[in-house]
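Number of protein chains: 2
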Amino acid sequence: MAGGNEHHLAKTYTWPDFKTALDFVNQVGAIAEVEGHHPDLFLAWGKVEVTIWTHKIDGLTESDFVLAAKIDALPQY
Amino acid sequence: MAGGNEHHLAKTYTWPDFKTALDFVNQVGAIAEVEGHHPDLFLAWGKVEVTIWTHKIDGLTESDFVLAAKIDALPQY
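In order, the protein sequences belong to chains D and F.
Number 17 in our numbering belongs to position 17 of the first sequence; there are no gaps in the numbering.
Number 11 in our numbering belongs to position 11 of the second sequence; there are no gaps in the numbering.
Calculated directly from the structure, the hints in this document are not laboratory data.
Please note that the accuracy of each hint is not assured.
No copy is singled out in the list; a pair is fine if it fits within one copy or between any two copies.
[What the hints assert, rightly or not] Keeping only pairs whose Cα atoms sit at most 27 Å apart, straight-line, the calculated DSSO-like set for lysine-lysine is:
#, residue 1, residue 2
1, Lys70, Lys56
2, Lys19, Lys47
3, Lys56, Lys19
Between the sequences and the hints, there should be enough to build the whole structure, so can you do that?
Structure (structure tokens):
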């Protein structure tokens, strides 16, 4: 996942349709539950924008990078 | 679903946690596939923002209101 600015990590994943994008959201959701850390997810037809940061400090911590790496290791289209 | 402006319909649904919000996203996704019309969905911990419009005309058509009504009829927290 490419770094955004100092405040958050953001990446857009593209998919061939809504259903495959939604499947990705569910895979990300499963990782988030395991990690106990949850991204923001913007789902539109054929794409998912993932945004990660630590709300408590309004910035980035190690768990943000761990979550981002695990999401980015998911199968992509 | 409350009307937004003339351009789109938008409503935020709140949930007690990430998982219930994600469950709602999946229910909306199932409706969208049946209707053949797909909203934009912003999922964050405890909330889902639904935005609906018809891209082809960059405005609202009957199918937007049908989709919005079906989503709004889903069980809410």
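Here's how the hints hold up against the structure:
For the homomeric pair lysine 70 and lysine 56, the shortest alpha-carbon distance inside one copy (21 Å) is at most 27 Å, but the shortest distance between copies (36 Å) is not. In this homomeric assembly, lysine 19 and lysine 47 come within 27 Å of each other (Cα to Cα) both inside a single copy, at 10 Å, and across copies, at 20 Å. Proximity of lysine 56 and lysine 19 under a CA criterion of 27 Å is satisfied inter-copy only: 20 Å between copies versus 33 Å inside one chain copy.
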